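The listed protein sequences correspond, in order, to chains A and B.
Numbering of the first sequence is given in my numbering, commencing with residue 13 and proceeding in unit increments.
Numbering of the second sequence is given in my numbering, commencing with residue 10 and proceeding in unit increments.
I should point out that these hints are in silico values taken from the structure, not numbers from a laboratory.
None of the values given here were measured: they were computed from a predicted structure.
Hints are not guaranteed to be accurate.
Only part of the chain B face toward chain A is listed, based on derived beta-carbon distances under 7 Å [to be verified]:
| # | residue |
| --- | --- |
| 1 | 218 |
| 2 | 221 |
| 3 | 224 |
| 4 | 228 |
| 5 | 317 |
Heads up, the beta-carbon is just placed ideally off N, CA and C, and yes, glycines get one too.
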Amino acid sequence: MSLLQIRNLTLSINGTAILHDVSVDIAPGEVVAITGESGSGKSMTALATMQLLPDGAETTGQIVLSGQDVTQLGEAAMCGLRGNAVGMVFQEPMTALNPVQTIGAQVAETVRLHRPDLDPMARAAEVLTRVGLPPGKIPLSRYPHELSGGQRQRVVIAIAIACGPKLLIADEPTTALDVTTQAQILDLLKQLASEDGMGLMMITHDLAVVAQMADRIAVMQHGHVVEAGDTPVLLADPQHPYTKALFAASNHRVILPETHQDAPLLRVQNVVRDYALPRTTLFKAPGTMRAVNDVSFDIPKGARIGLVGESGCGKSTLTRAILGLEPVQSGTITLGGEPVFSAGRPNLAVRRRMQVVFQDPYGSFNPRHRVARLITEPFHLLESKPSATERADRVAEALIAVGLSPADAQKYPHQFSGGQRQRIAIARALIIRPELIVFDEAVSALDVSVRAQILDLIAALCGQYNLTYLFISHDLSVVRTITDHVLVMKSGEIVEQGPTEDVFTTARHPYTQTLIAAAPTLPERMHHA
Amino acid sequence: MLRYTLKRLLSLLISLAIASLVIFAVIEVAPGDPASFMLGMNAQEDTLAALRAELGLDQSKFQRYLTWVTGMMQGDFGTSYQYRTPVAGMIADRLWVSLPLALYALLLSTAIAFPAGIYAAARRGKPGDMGVMGATQLGVAIPNFWFAMMLVLIFAINLRWFSAGGFTGWDKGVFAALKSLTLPAIALALPQAAILARVMRSALLDVLGEDFMRTARAKGLSRGQALRRHGLRNAMIPVLTILGLQFSFLLAGGIIIEQVFYLPGLGRLIFQSISARDLIVVESVTMLLVFAVIMVNFAVDLAYAAVDPRLRART
């Protein structure tokens, strides 16, 4: 007997078809993963089950939850089910909780709503203990901003399971979390499902997470379930071409061209970066927080260096210091012998020799500028500006180099997809032929298939331009393939560095070992799919 | 929370000190000698000098500033050049009209704006929302003195429920006094309510798009419950900001309304004192208004912290 049966679910929002004939079953205690790239309809399937679809949504088909078709239920009846028979966990733990209410009050509210027989606060304490936040350590009177991301996600899970639901829906529950936190949250979800006999609908784009968690998998593309089956079977022998492509892209390996490394280009020596903490008393000097502590490394010309570490480890601070955006308290950072920051401001002579590609391909462009203007922005760093014809040639060359066409120069950013925008960002970085490129989480926001293409592009550009780059990422599998040397950072210090393959196969530092062990991976045989 | 309060208090004192200096300096450089203004064109030079000495105008600027500030701290605002009566008494009389009027108008404006804003936000894009938004558009566009005249026309002249103007005074009883402030308060409140309702609506709509509202719905709260329990308090910060600004405006900005209804309020006092070069009154009333504005901001800051625990933690 299935707990949840979605039968031929079709959904359109304001006339646009989103889901086509989606059918998914979940049995009690079973973990079913719905996976696919952005826009595949996986989140909408979850929201349809909760009947929390946006205005203008129309559905046909059935969603039967323990014998009741929720598509036929009225809003009042749905309010009785939500949070009671079915709980939901969301992607962004940082914003999923009400910032002005205590965590105890937020968990207790669900109990008060559905279980008048229980003492709400006592039950809240009980569930919070269950998810690993015992009131002895984390009092119920805490506010969300006083908790870490992982702890907040535990609170969200506590809210979802407070009334003992039969079905738990988790929509990308660990995407915003660090790998070690992710591992803990995934363990918790799995444990809850097996101990309480809850069905777990797990929405995620991360196939490695799917492989580790799910009993069964449904792969979605453009609103269709293209393939579904038991996890081991589907992993071993995917049938649908899209599934195969998705697995291949997830494990995409690039071949970096050989490079000869000579003299150090970027030298980071004993760098210390302190931040002033807010003043606590009026007359005492404010305290400081050491974000980067005595960090030293060299990047030789032609090297492809990775920098990995979890949020708060100091990698962003270090990046800003390398780009000369902020002064350091001690130590030196030089590019080709020249300091990146001098006389209280970024050294322009050095800035024109390095460029950066950021994470968010949507937020990092001015939407009112054409591509030609966007990618020629680094020209203002140059002493002699190129002539108009030279400019046009350079734009065309940069666009061709990143796989776009010269005609794209006249378009606006919104006319491109996320992957194409990231290509534009790379073209912008390339256009003044910098000696060093900093990729700051440059592929983290992209779908796996697009990510694979961008990684291929970077590898190809390495051959073409003999790039030197620093690739900053929290994603170990990406760093493993796109760099030949890696730095591991923790609490402001570089705890381990060495050739990438060596570090990944024989990590020496316990932290590196933890990090690698926590990162979910696809089973080995899939690497050759 | 205590630290936050103390910090706000310190910034309040600094603001007051700076404001008093600026007001004093501006009045000093303004042209016009009060002594010659009081005695007329044909005054004798020695009479003028005597009057200047009596008014303290012959002292150094620094000394006059000190006298003014220390006097104010003890409730002595000096003597009006024009009426030769203590300024403190004049201000107190007027304050008994302006302060209740401002509070009355603020209360009305909040009572209209909150339900209207919440209603519109809950029915975003539906006819109810459009109705409220259309009404507030009118409220923002139409000046308050037009409302004042319409109110007089309808409720005083045609229906004869209220008197057309004047203030009975508090000695005739609270009810009578409030009654004579009712029409002016409504005229002041309507445009303010229109602005406040729009702010309330847009603040709520911003909050409705937040992730935690989705969490609230996933808990099983209905739209209305989620809005009331999780939306309202989060939407309060921008609303409190506007409320603070509006109170400051209402205290002195009612000058036109005071004229329309013949109310002896602060606005009229300032207007008359400026015309008569009664600088000491202008100075004192301005300082008092600045003081009120700064106090209101202080109260708003404390209200922010009461609403949002993150602000309490930050300091």
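Hint check results:
no.: 1; hint: 218; result: violated, 10 Å
no.: 2; hint: 221; result: holds, 5 Å
no.: 3; hint: 224; result: holds, 5 Å
no.: 4; hint: 228; result: holds, 4 Å
no.: 5; hint: 317; result: holds, 6 Å
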